[in-house]
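> Each of the two chains sits in its own frame; use the hints to bring them together as a complex.
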Amino acid sequence: METLLARYFDGDLDEREARDFLEKVESDPRLENELRAYERLLALGKELPTPEVPTGFTERVMAEVNAERYLERIRTRLSGFRIQWAPLAVAAAAVVLAYIGGWLVGHSPRMVPGTTEDPRVARRAVTYDFPHIAGQAPATDSGLQYVTLSYAPADPSVEQVTIAGSFNNWDPNATPMRRKNGVWVTILLLPPGSHEYMFVENNQRWVTDPLAVKTRDDGFGGTNAVLDVAL
Amino acid sequence: MTAENDEAIVCAVQDGQKEAFGRLVDRHKERVYAMLMRLTGDPQAAEELAHEAFVRSYRNLKNFRGKSRFSTWLTQIAINLARDHIRERQRSKAVSLEAILERDPDTLQFAERRSHYDPLAEVSARDMIEKFEIALRELPQNYREVFVLHHIQDVSYEDIAAATGDSVGSLKVRAHRARKLLKDKLFPEETSVTPEDILRQKR
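Read top to bottom, the protein sequences are chains A and B.
Counting from 0, one number per residue, gives the positions in the first sequence under numbering that gives the first Met the number 0.
Counting from 0, one number per residue, gives the positions in the second sequence under numbering that gives the first Met the number 0.
In isolation and in its complexed conformation, chain B is listed as follows (with noise of 0.2 angstroms):
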């Protein structure tokens, strides 16, 4: 897949070939879903996010003056289509959290009994992995947007900077705390800080 290629599908379809968009959406589907996919946990809502990106993008295309290539262009539109759901999911849960909570107050202590789950133990590759997916769930949103684009989807910094507004700066010190989070649930033992580093910083 060349940026070359996508190009030359694009003027294509700038220049009438509607038909010829079916062929930028096989190249770029996968990617763009398996995204979504990883950002929202939702294969439902990865799908619809995935087809309005398309959408979009077609309907944008003719202000489309390849200043960036097609594929960071498509990847910002999902970005953004992604935090709104996201956001909009979060709101739903908040109202739907405390209806929860007010018919059941024990609902909350069995949440923090689970968030001590400690995923640590002998497992192999494939399990690793599903704990690894677990963990990925359990960061905060923001921290896992970066991870899951710059980590996982080799998306840029500059890129997720472009689409989100955000600074380099500061999604490179989200995806350092990510990285942490991570790895203190995965590996907690492989740490260099030891109990004298934590005794030195506290005094």
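Pulled out of the complex, with its shape left as it was, chain A reads as follows (with noise of 0.2 angstroms):
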């Protein structure tokens, strides 16, 4: 009866058997109150309660989404960029690495007056790549916006980089960055406003964004990259 009851659940009886075996059923109370137990059972597994999505679950998916094609985009033009340009890239860096590297090392850039610090940018939790913004609320909710950075430092020998920024109090320990085949890359969630942030290697050296599309220099011989986040 076994067999014949795990073969009616899984729909594996043909028509005469299932007409037999049903007649059975009919005519044996113990087995027809059986077989009802096994339906409540069932009925109780499409019964039971949705559970609810967290909310912002989407924007996050396609935070790190944006910062796969963010690297994608990087990686096609530094595989174009090393072909053509490599060799005399390097040797144009020397020359400007031994130039600026006196005020580079161990630059450190203060907290930029009249900015403000929202605690919930930097807020740590161990959970996704990105932990710092994992948990938050959507940035539609919340009027913050996602904001991706990559950085590929010129010596890929670098083990850590983190952002440091007036969104986290110039923390150099608050927003990590990840590495991925050898450029960093990191999500933001920042309010609209202008912000400034630099890049921290291991966390000693710090250095501007090449990429930034706008600069501002910080008043201690330094130059921090600005990043503007539109309403």
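No lab work stands behind these hints, which were simulated from the structure alone.
Ideal Cβ placement from N, Cα and C applies to all residues, glycine included.
Mixed in with the good hints, there may be bad ones.
[What the hints assert, rightly or not] EDC-like mimics (lysine to aspartate or glutamate), calculated; alpha carbons at most 16 angstroms apart, straight line:
id: 1; chain 1: B; residue 1: Lys-179; chain 2: A; residue 2: Asp-9
id: 2; chain 1: B; residue 1: Lys-179; chain 2: A; residue 2: Glu-67
id: 3; chain 1: A; residue 1: Lys-45; chain 2: B; residue 2: Glu-29
id: 4; chain 1: B; residue 1: Lys-179; chain 2: A; residue 2: Glu-1
id: 5; chain 1: B; residue 1: Lys-171; chain 2: A; residue 2: Asp-9
id: 6; chain 1: B; residue 1: Lys-17; chain 2: A; residue 2: Glu-67
id: 7; chain 1: B; residue 1: Lys-171; chain 2: A; residue 2: Glu-1
[As the list claims (entries may be wrong)] Not close to chain A: a few residues of chain B, all C-beta gaps over 12 angstroms, as computed:
id: 8; residue: Arg-37
id: 9; residue: Arg-68
id: 10; residue: Thr-71
id: 11; residue: Arg-82
id: 12; residue: Gln-89
[Stated by the list, open to error] Just so you have them, the derived chain B footprint on chain A, three or more residues with Cβ under 8 angstroms:
id: 13; segment: 32–39
id: 14; segment: 51–57
id: 15; segment: 194–203
Structure follows, in structure tokens:
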């Protein structure tokens, strides 16, 4: 009977077997009760409440998808760059680094007066690849915007890159970046407005974003990258 | 939600309209999250795994040739992530349980007493669902997996087999055992096996 029951619930009985089985059920109250119990059980499975998807789920997935796209574009550019200009670039970079290396090492920008720190931005939680934005309310609800930033250090042996900026009180430990094929990426969740930042290599070396569209003198001899987040 | 619409969105993403992927996430997130929630019983793990399932499907979408439906493919990714997560969790649990028992041997006695908890009582429909959820969580992992996927999430045995590498036959055996364990726990009096049957079997 066990086998018959199993085959009945898996829809494996042919027409005749099913008819014989149901006739047997009708003539045996104990078997009928057992069958009804199984049916109630399966009905309970369908009545389970549907768990609610956390708010902002799609946005967080898309933020990472956008980071992937950003990486793809950078990889494409880098591969073309390597083939055409890499030898020349290495020579040029050596000259430039020798010149500016002195003031870059140990440079530490300060909190820019007039900027506000939003504690939601740099909150840390151990979840996704970008822990500082995980568990945030969706950008549309909070008025914040997702921004993807990437950085390819000149020295590939760099082991850690973070972002310090006006949005995290210039804390070099608050916003880690994630390395993928030599490019470091992170996603920020920022309120609209102007934000200044720098990349920090190995918690030591502060670097201006070489791809920054806009920069600003920090008043201490360094240059911060500026990120304008639209409303 | 039709497979046809999913295919159109998948084509759009493959053609470079990456933002369209958000529509796929919106269409499938409830199902995937619910499935992972029921497999893991942990909201945070379910969210992380669902997130990872979608990101992985995006990464591999360029190789998706439509041999199966997108929903099937996504389900298979999610099932495998859940399996890995549960395996990892069981490994760490085993370690922590050993540590607890070393500290407090009476804990095992307590756990054994709890396992004899009988959920049968005069209960409302809501209570019954709660009992069902508890009984489901207490099922052995490989039984719970197939029951959740097939009987709650409506994933076919063939699709589960494709995701896990198990045979359809063994999945059906596990599903039957899961149904029987749940039925015996929730409706213990409803059985066609009588004391006479048991005595007959023992002879």
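> All the hints need checking, so say for each whether the structure fits it.
Here is what the structure says about each hint:
1. B:Lys-179 with A:Asp-9: Measuring from Cα to Cα gives roughly 13 angstroms; hence the hint holds.
2. B:Lys-179 with A:Glu-67: Answer violated: B:Lys-179 to A:Glu-67 is near 46 angstroms, above 16 angstroms.
3. A:Lys-45 with B:Glu-29: 15 angstroms, holds
4. B:Lys-179 with A:Glu-1: 9 angstroms, holds
5. B:Lys-171 with A:Asp-9: 7 angstroms, holds
6. B:Lys-17 with A:Glu-67: OK: B:Lys-17 and A:Glu-67 at ~10 angstroms, within 16 angstroms.
7. B:Lys-171 with A:Glu-1: 13 angstroms, holds
8. Arg-37: 7 angstroms, violated
9. Arg-68: 20 angstroms, holds
10. Thr-71: The assertion about B:Thr-71 holds, with a minimum of 19 angstroms to chain A.
11. Arg-82: 19 angstroms, holds
12. Gln-89: 20 angstroms, holds
13. 32–39: holds (count 6)
14. 51–57: holds (count 4)
15. 194–203: Per the Cβ count (0), the hint is violated.
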